[in-house]
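Position one of the sequence shown corresponds to residue 1 (the UniProt record's numbering), numbered consecutively onward.
No lab work stands behind these hints: they were computed from the structure. Nothing here was measured: the structure is a model prediction, and the numbers come from that model. The reader is advised that the hints may include incorrect statements.
[As the list claims (entries may be wrong)] In the DMTMM-like style, the derived pairs of lysine to aspartate or glutamate whose C-alpha atoms are separated by at most 20 Å in a straight line are: (1) Lys183 - Asp390; (2) Lys273 - Asp497; (3) Lys417 - Asp390; (4) Lys273 - Glu471.
[Stated by the list, open to error] With beta-carbon atoms standing in for the labels, derived distance ranges: (5) Glu45 - Tyr589: 42 to 50 Å; (6) Thr660 - Pro413: 38 to 46 Å; (7) Lys411 - Pro457: 18 to 26 Å; (8) Asp367 - Thr660: 40 to 48 Å; (9) Lys215 - Arg246: 20 to 28 Å; (10) Pro457 - Gln329: 44 to 52 Å; (11) Lys215 - Val651: 43 to 51 Å; (12) Gly400 - Pro457: 30 to 38 Å; (13) Glu447 - Tyr190: 31 to 39 Å; (14) Asp212 - Glu377: 41 to 49 Å; (15) Tyr4 - Asp367: 54 to 62 Å; (16) Gln41 - Lys180: 36 to 44 Å; (17) Val651 - Lys361: 45 to 53 Å.
For every residue, glycine included, the Cβ atom is placed at its ideal position computed from N, Cα and C.
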Amino acid sequence: MEEYLVIVESPAKAKTIKKYLGSKYIVKASMGHVRDLPRSQMGVEINDNFNPKYITIRGKGPVLKELKTAAKKVKKIFLASDPDREGEAIAWHLAHSLDIDLNSECRVVFNEITKNAIKDSFKRPRKINMDLVDAQQARRVLDRLVGYKISPLLWKKVKKGLSAGRVQTVALRLIVEREKEIKAFVPEEYWKIKASFSYGKEEFEAGFYGVDGKKRELANEEEVKEVLSKLKGNTFSIASVQKKERKRNPAPPFITSSLQQEAARKLNFRAKKTMMLAQQLYEGIDLGKEGTVGLITYMRTDSTRISDLAKEEAQAFITEEYGKEFVNQVNRGEKKPGKNTQDAHEAIRPSSASKHPKELKEYLSRDQLRLYRLIWERFIASQMSSAVLDTMTVDLENEGVIFRANGSKVKFPGFMKVYIEGNDDGKKDEDRLLPDLEEGKTAKKKEIEPTQHFTQPPPRYSEARLVRTMEELGIGRPSTYAPTLDTIQKRGYVMLDDKKFQPTELGEVVLELTLEFFSQVFNVEFTAQMENDLDEIEDGEKHWNEVIDEFYKSFEKQLVVAEEEMKEVEIKDEPAGEDCEVCGHEMVYKMGRYGKFMACSNFPECRNTKPIVKDTGVECPECHKGTIVERKSKKRRIFYGCSRYPDCEFVSWDKPVGRTCPKCGKMLVEKKTKKGKVVQCISCDYAEEQG
């Protein structure tokens with residue numbers, strides 16, 4: 001007969017845990033939260049110490065009934081929800097619903113769903129941590145106060161369906177302010193000079209460094225001509241050769257934000273998708289005869305700490321697979337858990353280093369496997385020895401003009417044998433080999449090429465870059481990044497263009513209104529400080545009601561002013577400059593979930609819509625009658641085709657640059673490669689690298 005009831009959040013987690021517990025245990029799922037604030041009203045008693053008024057979530061009645069029935073048949077109940085604030089709150093709500101004594105040792109937590117971790121956690125049950133619960137309650141009440149007080153104002157003054165949020169509006173602010181920086185940016189001209197040299201039978205490249213031992217920037221063509229006029233002949237003396245050995249350390253194991261960033265860079269995953277897949281890997285995958293197994297540790301963490309057992313297992317694997325010299329012998333330190341992180345949390349790592357991705361291929365979906373491989377490789381690499389690189393810096397001189405060449409070669413790969421961290425510009429590290437140049441000898445200049453460049457505006461935020469910025473500024477927490485980015489897109493405040501966030505007119509209007517009357521609430525520093533206050537509640541240093549009260553005193557005053565002074569804003573549809581081919585009315589630009597589109601102004605009588613097509617002005621190389629226009633595929637990927645489609649079916653994934661090939665006269669396109677962007681001909685072998 002069963003003696004114990006264990007409650008977790010999901011059926012997948014319940015299935016995995018059940019196989020590690022004996023026949024005396026029943027394991028059931030609560031399907032997430034069972035109680036929450038009501039949707040139809042504020043649900044917070046402002047005049048009664050901000051006490052929340054919880055109700056059973058609609059649709060959770062049958063779940064609770066099943067749990068209550070099971071609870072009557074056992075002598076003890078264990079609450080095994082996730083090991084964070086949200087999980088602690090779920091446990092607390094369950095305790096209330098099932099009449100569990102809050103002082104009883106009913107709570108079990110584990111960072112990974114493995115046999116040892118599960119068995120160990122049930123040996124050490126504890127009371128529900130009310131400081132953790134209060135921190136979650138404070139966040140929930142804060143967000144409800146901000147959302148339910150400001151959103152109705154936006155409905156009244158702008159349009160229905162809008163919302164403001166304590167974290168989402170600050171994320172929107174970052175995107176809008178970056179867009180303003182881009183629009184205000186004035187490019188500045190600068191030049192580079194690249195030269196090719198020969199040394200014996202070998203060739204290498206170097207770039208202009210400076211004059212008379214001092215580094216010099218080149219602002220215009222006149223300065224380039226001045227430098228080049230100093231050169232005499234083609235012989236350069238090798239003024240200095242510096243050879244150094246440089247060590248490079250591996251990146252630490254993943255935390256939530258770094259996982260989201262790297263999955264975006266390397267796998268092209270959105271933050272929401274990354275967290276969904278990570279949840280599946282954490283809760284358990286059916287591995288055939290082995291049964292359901294949790295493959296990674298808990299995925300919401302900001303600590304890079306690794307257990308001694310996990311380190312030992314990884315080192316044993318590395319020794320066997322690559323050799324003892326590849327095992328890290330140095331204590332590099334790790335990102336310690338901050339105030340907001342339970343000490344029990346580890347980094348995101350595979351629950352067993354011995355479970356190689358290639359062995360799991362038949363059990364995982366393609367995307368599950370790709371994410372697991374990323375987590376596995378990053379963890380294994382983090383426990384490996386540093387890479388050793390031989391670097392070489394050479395200065396070549398002619399009449400005081402200095403060109404500098406840099407080279408590097410991997411002497412010992414170390415962790416690079418398994419994994420190298422990505423970067424936002426997508427460039428990969430490669431060996432840049434130089435000949436064995438000797439100081440005092442000479443090299444011959446073969447070719448010299450000055451190129452004009454212009455400074456670039458700051459880049460728009462990609463999901464990865466925005467997550468990193470939010471983390472650096474202390475805005476939000478691991479569990480909030482993905483839903484925050486999802487919300488601002490669903491509301492139509494931003495759109496993704498070429499995987500970069502761009503604010504919509506609606507987003508700019510909403511931000512302007514909210515900042516006019518609630519500048520403090522949506523201030524970056526204020527939001528970060530509020531996160532610190534929540535951390536202090538979790539640590540038992542502050543009382544949650546007092547934190548909310550302090551916030552609400554000033555917020556209430558701002559609300560009164562906004563109610564009286566906020567003006568109504570009408571967002572007029574922008575004319576598209578053409579008439580509807582169905583009814584003849586004017587077409588206008590509308591904003592949808594996936595960006596702008598054209599719609600008939602006679603809606604709802606006429607429901608005609610059309611995608612917006614950007615004309616590049618480049619003549620179609622196939623029919624020579626139409627022009628190349630930018631379109632989007634069903635999967636929202638940009639491609640280029642003839643404006644006369646379907647009469648002309650020319651298509652290209654690569655962007656035309658508006659110039660013809662100097663070699664054959666055909667169209668030149670911008671192509672993305674591993675090394676960066678290259679302009680090349682669609683017909684012949686002509687190509688030019690982009691500086």
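Quick rundown of the hints versus the structure:
Taking the CA atoms of lysine 183 and aspartate 390, the gap is about 43 Å. The hint is violated against a cut of 20 Å. Taking the CA atoms of lysine 273 and aspartate 497, the gap is near 18 Å; set against the 20 Å cutoff, the hint holds. Distance check on the hinted pair: lysine 417 and aspartate 390 sit about 16 Å apart at the alpha-carbon level, within 20 Å; holds. The suggested pairing of lysine 273 with glutamate 471 holds, with an alpha-carbon distance near 19 Å, which does not exceed 20 Å.
Between glutamate 45 and tyrosine 589, the C-beta spacing of about 45 Å keeps the proposed range 42 to 50 Å intact. Between threonine 660 and proline 413 the C-beta distance comes to about 44 Å, which sits within the given range of 38 to 46 Å. In this structure the supplied range 18 to 26 Å is violated for lysine 411 paired with proline 457, their Cβ-Cβ distance being about 39 Å. The hinted range of 40 to 48 Å is satisfied by aspartate 367 and threonine 660, whose Cβ atoms lie roughly 41 Å apart.
Between lysine 215 and arginine 246 the CB atoms are about 21 Å apart, so this pair conforms to the stated range of 20 to 28 Å. Between proline 457 and glutamine 329 the CB atoms are about 45 Å apart, so this pair conforms to the stated range of 44 to 52 Å. For the pair lysine 215 and valine 651, the supplied restraint of 43 to 51 Å holds, since their beta-carbon distance comes to about 47 Å. Taken as a hint, the range 30 to 38 Å holds for the pair glycine 400 and proline 457, whose Cβ atoms sit roughly 35 Å apart.
In this structure the hint that glutamate 447 and tyrosine 190 lie 31 to 39 Å apart at CB is violated, the actual value being about 21 Å. Here the CB-CB span from aspartate 212 to glutamate 377 is close to 48 Å, well matched to the stated 41 to 49 Å. For tyrosine 4 and aspartate 367, the hinted distance range of 54 to 62 Å is not satisfied, since their beta carbons lie about 36 Å from each other. Between glutamine 41 and lysine 180 the beta carbon distance is about 38 Å. The supplied range of 36 to 44 Å therefore holds.
Between valine 651 and lysine 361 the C-beta distance comes to about 34 Å, which lies outside the given range of 45 to 53 Å.
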